[in-house]
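Q: Letter by letter, the chains look like this.
Protein chains: 2
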Amino acid sequence: MVDAQTPTFTRPVSAPGADPGRAMTFGPDRALALDAGRTLAPWTCAYMTYGTLNAARSNAILICHALSLDQFVIGDNPVTGKPGWWPLMVGPGLPIDTDRFFVICANVLGGCMGSSGPAELDPATGEPRGLSFPLVTVRDMVKAQAMLLDALGIEKLLCVTGGSMGGMQALQWAALYPHRVASAIPIATAARHSAQNIAFHEVGRQAIMADPDWRGGRYFASGTQPSKGLAVARMAAHITYLSEAALQRKFGRTLQDRAEISFAFAPDFQVESYLHHQGASFVDRFDANSYLYITRAMDYFDLAADYGGVLAEAFLGSPTRFCIVSFTSDWLFPTSENKRIAHALNAAAASVSFVEIETDRGHDAFLLDEPEMLATVRGFLNSVAQAAGVR
Amino acid sequence: MVDAQTPTFTRPVSAPGADPGRAMTFGPDRALALDAGRTLAPWTCAYMTYGTLNAARSNAILICHALSLDQFVIGDNPVTGKPGWWPLMVGPGLPIDTDRFFVICANVLGGCMGSSGPAELDPATGEPRGLSFPLVTVRDMVKAQAMLLDALGIEKLLCVTGGSMGGMQALQWAALYPHRVASAIPIATAARHSAQNIAFHEVGRQAIMADPDWRGGRYFASGTQPSKGLAVARMAAHITYLSEAALQRKFGRTLQDRAEISFAFAPDFQVESYLHHQGASFVDRFDANSYLYITRAMDYFDLAADYGGVLAEAFLGSPTRFCIVSFTSDWLFPTSENKRIAHALNAAAASVSFVEIETDRGHDAFLLDEPEMLATVRGFLNSVAQAAGVR
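Protein sequences, first through last, are from chains A and B.
Just so we're aligned: 269 in my numbering is position 261 of the first sequence, and the numbers increase by one with no gaps anywhere.
Just so we're aligned: 115 in my numbering is position 107 of the second sequence, and the numbers increase by one with no gaps anywhere.
Worth flagging that the hints you see were computed from the coordinates, not collected in a lab.
Note that this is a predicted model, so its numbers are computed, not measured.
Be aware that a few hints might be false.
Stated by the list, open to error - Listed next, the in silico EDC-like pairs over lysine to aspartate or glutamate satisfying Cα-Cα at most 20 Å (straight line):
#1 A:K347 x A:D368
#2 A:K258 x B:E345
#3 A:K347 x A:E321
#4 B:K258 x A:D310
#5 B:K90 x B:D27
#6 B:K258 x B:D377
#7 B:K347 x B:E364
#8 A:K258 x A:E378
#9 B:K258 x B:E366
#10 A:K258 x B:E364
#11 B:K258 x A:E345
#12 B:K347 x B:E321
Chain A on its own, in the form it takes in the complex (with noise of 0.2 Å):
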């Protein structure tokens, strides 16, 4: 059983004329063995496409989201009413050429954009399904994006990219289905969750769980969210996608609307006031047991733990080429981690590029206007288009 429909959203829809995009839900002939040993069925993937798929089905990119991001690339948002994320990147005539390029973008397994995840309402109970939803890993991510592929007829991916856990579920798509990938361009990533990663994701769990309105995670039945706790999750977070640098640059210490520090603790700083809007702006958007499953997908990935130890294992023999793009100033997943797996893909003679590039806006320089990222994908991608007969 396979049904393309619209996905329904946990959130109330913000921005009514956008483009829900589509969901497809697998019936029990296409059930989902997850690693946690537990099967899904029914599951639902929601997705979007930008873009037509050319007559020789050769043209696809597949675009894996970050932990906090969605679907929607590009487009108004549904849900937040506000523009995809990767607007320069995405569209006519940027590098990944939506005039040339069919461009699909799965809503992650344990999201909360209409795929299978905790806030998915249990038709048994009319409930979300909170921590009774599995846990989720990147293969399991990428094995839904896969069987989505499959219902959409497409056998062969052009190139799969993203950035950050989008970079992950790409290297996972390589490992995985090598002969499913011409090409892959992992971004601001690692092949393994470091200590320090884990660390900052823990801190974020405990911060929602030590909120009383989680509930055990059965918020919803109450009409609760555990609002403060997503809140401080985000603002730990968001420091981590931001370089010292930047955030000295940005705000300093300059004060926010007003001329001498309060001697209070209402926000004095920019920096703070910062902070609490990327706090409260993201409770309206993300569903705290979703936060949850990914962070801990996340920090269960360890991409060499699959083959043994040795990561070079995961791309032997791999028809793949490789582009690993990594920031001088991120901080979350350095230029150490990013050249870990060039370094591994080298081992395994696969081909490979690898582009530090110089800036200081640390990991969320991926989402910026960063213009020789947007070369370096435009450039790579012109290169397997053609060694593809791709016009």
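Dock chain B against the given chain A, drawing on the hints supplied.
A: Quick look at chain B alone, frame taken from chain A:
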């Protein structure tokens, strides 16, 4: 009015045999005028001393403690029952040699180990002062210490030293009372709190204030405390005290007491258990309101701002000899911030030496066995003592 007495601790004493130190209470004739515009009277300064003041009163060294520490530098801490925080630096024959020097360490104003602060009992109500206590600054802390030294009959310090916020106090001492400070050793510190520093502190404060058990700071009355919020604050802060490399070396992705990941939200990884332990043990020994006050004091610290925005002006004509120490892997108070201090001192034609120590242990290196730091402090103090005629 100046009374020396045994301090009263908000927390129960867990090491009954330990030296509880002394406390000095200053009456209305020694009121403390705070930067916030309010005046404290009476007010109390709790402190410890080690070693013996010489007849010339020329061998006094003031140690200033960091955010989460206290006056119990060595020996058993009466409240935690654990050893003091600088056992490799201070003691007989050690770099800060208690056979030779008279060492003083005072609990900072705003602290919770006997000095006046939000945890102090208000005699008028019999309840802790909570948020009715005025906000304090690093300068207020230093002014309080100066009044303590007056009461102890110590006109001039051979040295003032400390790491992190202790280093901020050392800098403030040298700027405010140049002729009372023969030498200063600020370690792993900064002359201002950066935007990133403020951001991390704000996350911690929000975690505390989001905890319903905080009750607007009036938690004592209900017999509760915001344990979960304070634990989250401590966990987030603790990550910043270590380097990414140290976390990876100590914990990596090693699991805690299990062979496989659990597909659950309990701690799977050692680094998670470690953070939980840090959070839980901090809650047992620290007051949540004090944490708010002291983090705010650090945020407000910007020494240059008091001197027309030019840091060198703070030290013009300074007779003090400075030794600035930083650690290569400290990303909370990075070498760049310590170098800013050294540059300003050079611009002010002050006597300054600067040492950057190679270590992967991050900010907390100042508390650890770092032989180059210990040798640097020993050598510098020997030279300063010799110049001052202290044997």
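Q: K258 (chain B) and D377 (chain B): Cα distance at most 20 Å?
A: Cα-Cα ~16 Å, so holds.
Q: Taken at face value, is the distance from the CA of E364 (chain B) to the CA of K258 (chain A) at most 20 Å?
A: Given that 20 Å is the threshold and the Cα spacing comes to 28 Å, the pair is violated.
Q: If you draw a straight line from the CA of K258 (chain B) to the CA of E366 (chain B), is it 20 Å or shorter?
A: The given pair, whose Cα atoms are some 18 Å apart, holds under the 20 Å limit.
Q: Taking 20 Å as the top limit, are the C-alpha atoms of K258 (chain A) and E378 (chain A) close enough?
A: Holds. K258 (chain A) to E378 (chain A) sits at ~17 Å (cutoff 20 Å).
Q: Hinted pair, alpha-carbon criterion (20 Å max): K347 (chain B), E321 (chain B). Please report holds or violated.
A: 16 Å, holds
Q: Quickly compare the C-alpha distance for K347 (chain A) and E321 (chain A) to 20 Å and report which way the hint goes.
A: 16 Å, holds
Q: Decide if the proposed pair is consistent with the structure: K347 (chain B) and E364 (chain B), CA atoms, cutoff 20 Å inclusive.
A: 9 Å, holds
Q: Sort out whether D368 (chain A) lies within 20 Å of K347 (chain A), counting only the CA atoms.
A: Status holds; Cα separation ~19 Å.
Q: Are the Cα atoms of K258 (chain B) and D310 (chain A) separated by 20 Å or less?
A: Judged against 20 Å, a Cα distance of about 18 Å means the pair holds.
Q: Given the hinted pair K258 (chain B) and E345 (chain A), is their Cα-Cα distance within 20 Å?
A: Within the cut-off at roughly 18 Å; holds.
Q: Is the hinted pair K258 (chain A) and E345 (chain B) satisfied, with a Cα-Cα distance of at most 20 Å?
A: 18 Å, holds
Q: Is the hinted pair K90 (chain B) and D27 (chain B) satisfied, with a Cα-Cα distance of at most 20 Å?
A: Satisfied, since the Cα-Cα distance of roughly 12 Å is no more than 20 Å.
In the structure shown, a violation is registered for the earlier hint numbered 10 alone.
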